Structure formats: C-alpha cells, structure tokens
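Colleague: Each protein sequence line maps, in turn, to chains S and A. Under numbering that gives the first Met the number 0, the first sequence has 76 at position 77, and the numbering climbs by one with no breaks. Under numbering that gives the first Met the number 0, the second sequence has 10 at position 11, and the numbering climbs by one with no breaks.
Hints were generated in silico from the structure; no laboratory data involved. Source: prediction; values computed, not measured. A hint or two may mislead.
Pairs of lysine to any residue, SDA-like flavour, derived with a Cα cap of 25 angstroms [what the hints assert, rightly or not]:
#, chain 1, residue 1, chain 2, residue 2
1, A, K363, S, H142
2, S, K227, A, R323
3, S, K147, A, R323
4, S, K227, A, G314
5, A, K330, S, D171
6, S, K227, A, G344
7, S, K147, A, G257
8, S, K227, A, A315
9, A, K363, S, R65
10, S, K147, A, V28
11, A, K363, S, D171
12, S, K227, A, N342
13, A, K363, S, S64
14, S, K227, A, G257
15, A, K116, A, V28
16, S, K147, A, R290
17, A, K363, S, K103
18, S, K147, A, D326
19, A, K363, S, F139
20, S, K103, S, K227
21, A, K363, S, D155
22, A, K363, S, A151
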Amino acid sequence: MRLAFDLDGTVADMHSALAREARRLFPGIDANAVPRSTSPEGDGTGTPGSDTPEETRISIGSLSSRQQRELWDAVCGQENWWETLAEIEPGSLARLYRLVRERKWELMFVTSRPETRGDTAQAQSYRWLAAQGYETPSIFVVHGSRGKIAAALALDILVDDRPENCLDVAIDSSARAILVWRGDEGKVPASARQLGIGSVGSIHECLDILEALDRPDTEGVGVIDRLKRMLGLKSAGGRGQGRSAAVPQTSAR
Amino acid sequence: MMWLDSVLFVTVVLAIVAWAALSAYILRVERQREATAATLAATLASLQTLQAAPVDERLAAIRPILQACTRELLMHAAAERDVPDHAFESLVLLLNERWGIDSLVRDAGAHASSRDKWRRMTALRILARRGHAQTLDLLARATDDTDVDVAATGLALLGRSHDPMAVDALLAALASPRLSPSRVAVYLDQSPQHLGSRLTALLGHAEPVVRQWAATLLARYPDEPVEARLLELTHDADPRVRKAAIQTLGRIGSDDAGDSAIQLLTDPVPYVRAHAVRALGELGRSDQADRVSPLLGDGDWWVRLAARESLEMMGAEVWPVLVRCLDHRDKFVRNGAAEVVQNLGVLDSLIMLEAATDNPAGTKVAMLRRIASAGGVRFTESLVERAGPVVGPRVRRLLDTMGLEHVEAV
Chain S
0 MRLAFDLDGT VADMHSALAR EARRLFPGID ANAVPRSTSP EGDGTGTPGS
50 DTPEETRISI GSLSSRQQRE LWDAVCGQEN WWETLAEIEP GSLARLYRLV
100 RERKWELMFV TSRPETRGDT AQAQSYRWLA AQGYETPSIF VVHGSRGKIA
150 AALALDILVD DRPENCLDVA IDSSARAILV WRGDEGKVPA SARQLGIGSV
200 GSIHECLDIL EALDRPDTEG VGVIDRLKRM LGLKSAGGRG QGRSAAVPQT
250 SAR
Chain A
0 MMWLDSVLFV TVVLAIVAWA ALSAYILRVE RQREATAATL AATLASLQTL
50 QAAPVDERLA AIRPILQACT RELLMHAAAE RDVPDHAFES LVLLLNERWG
100 IDSLVRDAGA HASSRDKWRR MTALRILARR GHAQTLDLLA RATDDTDVDV
150 AATGLALLGR SHDPMAVDAL LAALASPRLS PSRVAVYLDQ SPQHLGSRLT
200 ALLGHAEPVV RQWAATLLAR YPDEPVEARL LELTHDADPR VRKAAIQTLG
250 RIGSDDAGDS AIQLLTDPVP YVRAHAVRAL GELGRSDQAD RVSPLLGDGD
300 WWVRLAARES LEMMGAEVWP VLVRCLDHRD KFVRNGAAEV VQNLGVLDSL
350 IMLEAATDNP AGTKVAMLRR IASAGGVRFT ESLVERAGPV VGPRVRRLLD
400 TMGLEHVEAV
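Full structure from sequences and hints, please.
Modeller: This is how it looks when you write it as structure tokens:
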C-alpha cells in the first residue's frame, strides 16, 4: 500500500504556533482567523516565495491578505520555525512509523511548507518527524495540485486536512483521499462522503482504518472497496433504473 | 315588386319550417339517447342486483327492459369492457336468444359500409370475450383487413388473448408490411402470456424489423438466457437491430453488455450511440464515465441528451469526471457536464468543502461558478445554516463571490 500524509493541520500543529505569532503581531486577533495548514499552491495566505497573484485566491477567513502576509513574513524570518511545532495527537506519528515498518507500507509526507530561515523546510521537517518518533521519514516539499502529485506518485491513499486537497485528489487521480476533519461541523464530513471522500476525526481513527484495511482479505473484496466500506462511502452504483415497459408507443428508434 | 315579397315570404316560411324540423329531429335523437342510456342503466342495475342469481332468473329480469331495444344497442352494451362478467353473459345469452350467435359471427367476418364496420368490430369484441371457437380465425382475418381500425381491433384483441395461437398471429403480423410493427409490438408487450422463448426464436429472423422487435420485447424477460444472442445482434447490419439489442442489454445484461455498449459509442448511427450510452447508465457502469463524457459534445442532440441522462444514472460517483470536463474545448461538453453536476446534487457538497478550506484557490471558485451558471442555481439560506456557525459564514462569503442568488429558506 502506498500512502501519503500531509503534515500541517494533519499531524503537525501549525495552527497553534501560527496563532501565537498572530497574537503577538495583532493583539486581540481571533485564533480561528489563522490558517490551519499551508496551501499547496504556495501562498495564498501570503507565505513568502509565492508567485501566485493574490487575487486568484479567495480570502474567506477573517484575517486580511495583508495581515496574512505580515504573519508569514514574521514566521519565515525565524530560524528553523517548522521544528517548533507540536504534534497534534501525541504518539500518532510513532504509531504510524510502527505500522509502516510492520506492514511494509510505502509512506511519504507531502507538504507545501514555505522556506524559513535556517535549514530547508525538508530538513526541518525530517528532524521534526524523527523527534516525534517517525525515525526515517521521506518528505516531499512540493507546491501544486495534490491530485496530480497523487497521480504521479501512484498513491493508493492520501491523508490530508484540507478539503480542497481531497477534492483535487478525487479529480486528478485514482487515489482515495481521507479528510482529517477535527471540526465539529457535521455537514463537512457528510459533504465529503457524498463526493466519495472519506472523513475521520483524528489520525488515530485514520490509522485504525488503515490497519484494518491491511489485514488479509477474507471476502475477496479489493482494498479500495474495503476502504470505501470502512469510511461509510457508497459502493459503485448498481443499475440506475428499474426495468420498465419495453416498447415505446411510437417510432422504431 | 310583388313577386319579390312573395319570394321572401316563402323563403322565410321555408327557413322556419327547416329550423323547426331540425330542432324536432335533434330533440328526438337526444330523447332516444337518453332513453337508451336509461335502458342500459336499468339493465345493468337489474343485473347487478341479480349477479348471484341463476342465468334464467337474470334473463327473465332483463327481457322486459330490453324488449324494444335494437340489436345494435344490445351489442353496444355487451361490448363495453367494464361490463362485469355475469352481466356480459346475460346480455350475450339474450342476443343469442333473439338473433342467434351466428349473426355475430357473420358480422365479425366482413364489412361493407361504415355501419357494418362498427358491427364487425363490436362483434369481434363480444366473440373474443366469450371465447367463441371461431374467434382466432376472425381476428386473424381482421388483422389482414385493409381497414386500419378493423386491423387495430384485431391486434388489440389478439394481444389480450390467453390463447398461444393468438401470439402466433401477432408474431406473423410483426412481419406484415401492411401493419405498423411498433403497433403490433405494443400488443405483444401487453400480452398476458410469457413470450420469452417465442421471442428468442425470432432473434435470427430474416426480417430486420422482426429481429428488432424481438430484441426489444425481450427486455421484459430478464431471466431468459438471451444475452449471448443479443451480444451478437449488436453487430447486426441493421442499425435498428443494433439499437434494440443494446437497449435490452442495458436492462438485462451483465458486464459483457457494457463492453458491447462501449463499442457502440462510436457507431455511425446517432440513435444507436444514444442507446449505447444510455445502456451504460442503466448498467451502472460509472467506471466508464470517462468514455461517456465526450458524448456530451456529440454532433447529434439526442446523443448529447442521452449522455447527460446516462451520467446522471451512474450517480454522484462520476463527479470527478464531470469536473474534469469543465475545461473541455467543446462548449457542449462543458455545459453538459456542469448541468449533470448540478442535477446530481453534488454542487452543495463541493461548495461546502471549498468553503471549509482556508483560502480556497481562485481556480476552484471559478470552477464552482461555471457549474452554477449552467442552471442559474439559487441557493437557499438553509445551505448556510446547515454548514454550522464556523463554516456557515464562509459558505455565504463564497456564494457571494460566485455571484449566486440567495433566496429565503423554504
């Protein structure tokens, strides 16, 4: 099984660290206005090094584009900032590493982290993951559609906290996306399910599913079908219509 | 000028007389009609009360009521389809008693005038219902008649028959150049008999029209082992046969049927392509949505419509294929895909997920706008409300960005 995990918002708590910076820069700012993860297309949120025009990204959070840019400028000016993040669910990466070794999964961490002062985002991420118990991670720092990345890497499953990335995976690849949705909004997982995207409330829940998925198949059902079943997704459609009277009243056509 | 006055006077008098005569005639006809209706109502009411009584008692009851009625009136009453069986039996016995059943057989055999034609069709209905021994011969003769009404009556009565020979007559009529095959097929389709094996035998008929209708009608018999034969017919030289075969395979076929439908997606005849594409939808082959979607831009409007219907039949699972089509170079494909996404009811979900994303890309919002513009969607406030307190305001802002009209929740 070939898997990819997103980092920020999925396993790494970028939001808390970013919120701290935001409160320092803009006292009284609502923490919910701070992005939970980095955008795969580089910056939309004002991260440095972006060549995406600002107007092509729609700001629907309550932090203005200018504020977001200032925030990211401050973050990227700090040395090895990515190593200061906490793990969202302590112990989840160590468990993931154990499973990867036991089950012989191929796993890659995919991230759109912008560069900060100090080492490369990839090197910082490597050290950070190792410190959390994932000893020898493969990390791919890449911008662009997660769907195209999933197709290029021939992934089976991509785990991500951004619904938009999960949509990209569904559109551009044959991989299955699992959305990690920690919000209490009941409608978002339901919408994801309607679009064939599985939704879990935590990494531990996701790992439970992946673990069960990797058990030997006793029913002759494929991995993707079992995954769809475990995530409560509809199986492939059967006959669309009931059988009706055969003969139209007119015309041979 | 005296003569002119006289002429005018005579003309006026004649006009008055003509008007009076016509009025009297109309009144008389109306009165007769009312009397006839009253007689029939009284007869049926009397028979209703005596439905459990012996036949002799029923006949004794209606004889005085129908004493003065004509043969046509009695035939008319007996030929009504909604007359209950016990009443029908009594009326036919009375007919037989007064004019003999042979008179009906004579009427049913041929006609010369329009009045005879009515008698013939009515007699055929009565004899068919009664199960008279000569019924099938008379009906077969009727289907051969040059008069279309008589032929249609014959076909309809054969179609209702439980006699296997009636099916023989209908199947023979299918190949008749004088009769509309689709009309004959309608009666075969309505037959109370199981025609599976009979129709299967016709799949190799020399006449394409017979093969076509046999293949079409077999859709009623999903348990009939005909898939292999129908798969062969998808290569038939006649496009009507190919169309019928794939249409039926769409309803009763398996995965092999899907493979044949895929081959027919490039058939040179538009209506064959249309039925092939619809068959894939009916077979639930969402894995073939990528092959169906290009037909959203087919040169023939019917194929384009069938492609939309087929993709809708496949269900919400095909939405990624449709979203990919939104950037297609053909505007029919783009618009058709947007319309299907809307009809699948997944636009709400796409909006919800984009809104739940921090700062969604402008390209995604443009994509949603393209889908929405295909149908002039109006969103109710319920979409915002259902999204909850955090995502709800984001949904509203996204909808505003897309320029969609808001309406109050119903």
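Colleague: Each hint: holds or not?
Modeller: Status of the hints after comparison with the structure:
For the given pair, K363/A sits about 16 angstroms from H142/S by alpha-carbon distance, which is consistent with the 25 angstroms threshold. Between the alpha carbons of K227/S and R323/A the distance comes to roughly 22 angstroms, so the proposed pair stays at or under 25 angstroms and holds. Annotation: proposed proximity of K147/S to R323/A holds, straight-line Cα distance about 13 angstroms (limit 25 angstroms). A threshold of 25 angstroms between alpha carbons decides the hint, and for K227/S with G314/A the separation of about 16 angstroms falls inside it, so the pair holds.
Restraint check for K330/A and D171/S: the C-alpha separation of about 21 angstroms stays at or below 25 angstroms, so the hint holds. Note on K227/S and G344/A: the hinted pairing holds, with a Cα-Cα distance of about 20 angstroms set against a maximum of 25 angstroms. Distance restraint check for K147/S and G257/A: the Cα-Cα separation of roughly 29 angstroms exceeds the 25 angstroms cut-off, and the hinted pair is therefore not satisfied. Restraint check: the Cα-Cα separation between K227/S and A315/A comes to about 14 angstroms, which is no more than 25 angstroms; the hinted pair holds.
Under the criterion of a C-alpha separation no larger than 25 angstroms, the hint pairing K363/A with R65/S is consistent with the structure, at around 22 angstroms. Annotation: proposed proximity of K147/S to V28/A is violated, straight-line Cα distance about 84 angstroms (limit 25 angstroms). This hinted pair checks out: K363/A and D171/S have alpha carbons roughly 13 angstroms apart, not beyond 25 angstroms. Restraint check for K227/S and N342/A: the C-alpha separation of about 24 angstroms stays at or below 25 angstroms, so the hint holds.
Proximity of K363/A to S64/S is assessed by CA-CA distance (about 18 angstroms); at most 25 angstroms being required, the pair is judged to hold. For the hint pairing K227/S with G257/A, the CA-to-CA distance comes to about 24 angstroms; that is within 25 angstroms, so the pair holds. Of the supplied pair hints, the one linking K116/A and V28/A holds, its CA atoms being roughly 22 angstroms apart against a limit of 25 angstroms. A C-alpha spacing of about 21 angstroms is found between K147/S and R290/A, which places the hinted pair at or below 25 angstroms, so the restraint holds.
This hinted pair does not check out: K363/A and K103/S have alpha carbons roughly 36 angstroms apart, beyond 25 angstroms. At roughly 16 angstroms between alpha-carbon atoms, K147/S and D326/A fall within 25 angstroms of each other, so this suggested pair holds. A distance of roughly 24 angstroms separates the Cα atoms of K363/A and F139/S; the hinted pair therefore holds under the 25 angstroms criterion. Taking the CA atoms of K103/S and K227/S, the gap is about 22 angstroms. The hint holds against a cut of 25 angstroms.
Between K363/A and D155/S the CA atoms are separated by roughly 24 angstroms; this keeps the pair inside 25 angstroms, and the hint holds. Between K363/A and A151/S the CA atoms are separated by roughly 21 angstroms; this keeps the pair inside 25 angstroms, and the hint holds.
In terms of the numbered hints stated before, the structure departs from hints 7, 10, 17, listed from lowest to highest.
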